[in-house]
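Model the full structure from these sequences, guided by the hints.
As a plain string of letters, each chain reads:
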Amino acid sequence: MRIVRDTFILCILLTAISFAGKFKLPVFDKVILDNGLTVYLMEQHEVPLIYLSALIPCGAIQDGAKNGLAFLTSESLLYGTENYSKKQIEETFEFYGANISTSAYSEFIKLNASFAKQDQEKLLPILQDIILNPTFPDDEVQKRKQRLLVELDQAKESPRQVIRSYFNKFLFADNEFGNPVLGLKNTVSDISSGDLEHFYQSFFKPANSAIALVGDFNSSEMKKIITELFQSWKTEEDEISSSILIPTLDFNKSRVLLVNKNDAKETTFLIGGKGVSRDNPDFTEIQVINTILGDRFTSWLNEELRINSGLTYGARSAFMPFKNLGTFFISTFTGTQNTERAIDLALQVLNRLHTTGITDKVLKSAKNYIKGQFPPDYETAGALADLLTSMKFYGFDERYINNFEDTVDKLTVTKANEIVKKYFPKDNLQFAIIGKASEIRNIVKKYGDVTEKEILEDGF
Amino acid sequence: MKYLLTFFLLLASLPAQNKTENVKTFSLKNGMQIIVLEDHSIPNVAMYLFYKVGSRNEYPGITGISHFFEHMMFNGAKKYGPKQFDVTMEANGGANNAYTSNDVTVYSNWFPRSALELIFDLEADRIAHLNFDDKMIESERGVILSERSTSLENSNEAFLIQEVLAAAFNAHPYNWPVIGWESDIKNWTKQDLQNYFKTYYAPNNCVVVITGDVSLDEVKKLSKKYFEPIPKGNTPRKVHTVEPEQLGEKRLLVKKEVSTPHVIAVYHTPEASSPDYYALSLLSSILSSGNTSRLYSRLVDENQLATEVWTDYGQYFDPFVFMIYSICNENVTTEQIEEAIYDEINKIATEGISENELQKVKNQKLMEFYHTMETINGKANQIGTYQLFFGDYKKLYDAPADYQRVTIDDIKNVAKKYFQKSNRTVGILKAEGEVK
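Residue numbers (this note's numbering), protein chains in the order written: chain A, 19 to 478; chain B, 4 to 439.
Keep in mind that a hint or two might mislead.
[As the list claims (entries may be wrong)] Interface residues of chain A toward chain B, partial, derived using beta-carbon atoms under 8 Å:
1. ASP171
2. ASN386
3. PRO393
4. GLU397
Please keep in mind that the hints were generated in silico from the structure rather than gathered at the bench.
All C-beta atoms, glycine included, are put in the ideal place defined by N, C-alpha and C.
Laid out in structure tokens, this is it:
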């Protein structure tokens with residue numbers, strides 16, 4: 019491949035669908051059941067498939083002291099329910115060629131499934147039981163936990179797999195947003211199936227959850243089926259109110275986290291700081307500017323670090339939005355001997371964004387690019403189902419999609435440069451660097467106060 | 004026969020753009036083949052250009068040059084100079100990428116329909132008039148060295164597979180990695196690139212696939228205007244090397260800092276156009292697709308011997324290998340993993356598989372087909388892949404039925420025929436301390 023594209027892409031969907039000029043989100047139904055569950059239904063008939071996406075608003079920030087709890091809970095949803103054993107769930111889904119997966123993030127857990135429309139009667143009741151009645155059997159949980167402990171070590175063999183966990187922990191310190199989703203060996207060892215049960219009972223509530231179905235069905239029939247299946251999801255008053263503080267991420271000095279990996283031949287690094295929340299009113303405009311800085315092949319970062327200098331295979335920048343806050347980072351990697359040149363160059367590019375700023379020509383190009391690449395993001399029923407549940411969680415609606423092109427078109431050079439000043443970090447940058455410390459220690463200290471860690475140590 | 008029935012019902016319900024008769028094809032006077040599928044579900048287009056050249060066409064000294072060439076195709080031609088291919092495409096809403104395999108080099112463009120003519124112009128310019136700028140060659144050499152290094156830095160799998168293929172193939176060019184050996188990357192010359200361009204980047208060595216919001220007529224018109232004037236080239240030399248039969252197990256040990264050992268076993272297996280292709284492909288699913296698959300359930304789930312297991316039987320022009328890869332769980336030896344893998348394969352070779360198991364993987368293949376058909380990108384890539392590897396894009400649409408025809412005996416027979424110890428190469432990757 020020419021460029022590493024998927025490693026750094028945003029974890030949420032940014033854009034949507036237009037036709038004959040403007041890309042519009044296809045028509046969909048939104049229903050709120052008596053227990054508060056939000057249900058989205060959208061018909062898509064291109065292939066005889068149905069996608070289901072469920073979002074439950076609890077994640078690693080609710081882990082408490084047991085990092086990895088939300089992740090293990092999400093994995094263990096599939097290990098058995100009141101009416102179906104793990105084996106029955108797996109055999110049934112796999113026999114029909116259906117997919118089912120769960121994933122955990124800082125702020126939510128997602129369950130995604132896809133199946134042929136003719137198999138819906140067999141699979142939907144199982145999906146209901148997975149969400150409503152999981153049993154967390156101890157033997158299965160223990161097996162997964164044992165493998166996770168080994169996987170946590172294995173992950174550190176690949177700097178790219180772990181650098182974001184180091185960066186987040188460095189930025190957020192003890193705040194819950196620094197919790198590594200997969201946990202630490204030390205905390206995962208302490209998790210029991212009882213903990214998963216308790217986590218589930220505490221946070222799996224219909225009121226703020228969402229289920230989206232997109233695919234080859236009739237909406238009014240599907241509405242009846244889904245209502246029937248999910249109206250029995252019990253609704254209790256929240257006994258736990260959220261006490262998670264939203265960190266400001268305002269740093270008063272530059273800091274460097276240097277993670278030593280003795281056998282590293284490359285230096286892998288992130289440079290960043292404060293970003294924006296998903297509900298930021300300038301979210302679309304920020305994406306346009308970030309396209310120029312680091313989110314396409316001819317972005318300034320990729321042009322300088324790859325095309326002009328051959329220092330790396332790829333350099334990018336990204337905003338990682340949460341519901342009420344966000345982070346920003348530049349990311350790349352280079353041979354150990356080129357560490358200083360690459361970091362300096364990345365900083366020069368970021369500085370150029372603030373000093374030289376955006377010109378009319380590059381803005382026009384970025385606008386065309388982001389509009390042109392927008393429709394394929396929402397081409398599949400799976401992507402649309404994911405979008406619908408994200409809308410519920412982040413609190414945006416179809417106007418984000420339907421106004422996308424207009425919003426992009428209206429962005430002026432003046433406004434673009436205001437957005438640079440307002441949202442793109444400039445000073446007091448935070449660095450997470452993984453590499454051979456003995457060869458780069460003296461180089462990286464010029465970027466800020468250095469904290470050193472060994473990659474083989476537990477945690478981040 | 005219940006599933007066979009529903010299977011045909013499912014196929015019957017496919018919308019028009021997913022049927023084989025909606026795919027149109029024509030050839031230009033210079034031998035370039037164009038395949039078109041109109042699909043107006045989004046206002047975008049995917050254009051893929053498949054060149055029949057990959058690391059299989061290289062020789063020692065220039066290993067990796069196909070992949071390097073893939074990069075050079077973006078570095079300037081006559082009308083659009085250095086950087087201008089990407090700059091122009093992105094400024095008009097398009098994006099691109101490319102990949103090189105052992106057999107092919109594939110360029111992909113994704114763009115709004117308004118950019119259609121421009122993309123033809125950009126492609127025609129670089130096919131007809133690629134230029135080799137000395138400065139761009141050197142900078143791109145650095146990029147490739149970084150690409151190679153970051154793959155090895157972040158993927159132990161890539162490293163072990165490279166080592167095991169080098170051992171499994173004595174004669175055939177599948178012996179070396181697609182990215183090439185480091186010393187070759189550092190030493191190939193501008194002359195090597197020019198020769199390569201002349202030999203392989205002729206329109207008669209290229210298949211173009213266009214899917215999305217286009218009409219056949221406009222594609223025909225633009226193809227004639229932009230692609231047809233490019234002169235035809237000589238037919239590239241045939242790769243005639245046949246890997247001799249392997250007459251005994253080969254084993255190798257590689258040292259690298261890993262927390263638990265990795266093990267790979269590869270068996271020589273036939274090319275995509277072989278009649279055994281579909282049975283071997285289903286066998287791969289039976290072994291490792293999903294939690295109920297033979298190897299996942301035994302190695303990872305039930306016995307906790309491994310944290311991971313996967314198998315791969317891909318599409319190749321010449322006979323390649325069937326790969327089985329696993330990473331040990333803590334305190335498990337590679338011997339234990341190997342024993343369990345061979346035992347499962349042996350069971351299939353002697354006892355066969357159940358009807359239910361066979362139907363399961365056939366259903367999975369049908370669902371994979373639908374997932375491919377969901378996007379214009381998936382369709383373009385698969386139409387081209389089938390055209391090149393199976394000789395006819397129609398085989399893509401036949402694939403669910405071709406899988407449907409495979410019997411339990413077919414699976415048993417391929418397991419017996421290819422999974423012989425003497426046909427196997429095994430690679431073990433371990434940390435220094437664990438190597439005795």
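Each hint, compared with the structure:
{"no.": "1", "hint": "ASP171", "in the structure": "holds (4 Å)"}
{"no.": "2", "hint": "ASN386", "in the structure": "holds (4 Å)"}
{"no.": "3", "hint": "PRO393", "in the structure": "holds (4 Å)"}
{"no.": "4", "hint": "GLU397", "in the structure": "holds (5 Å)"}
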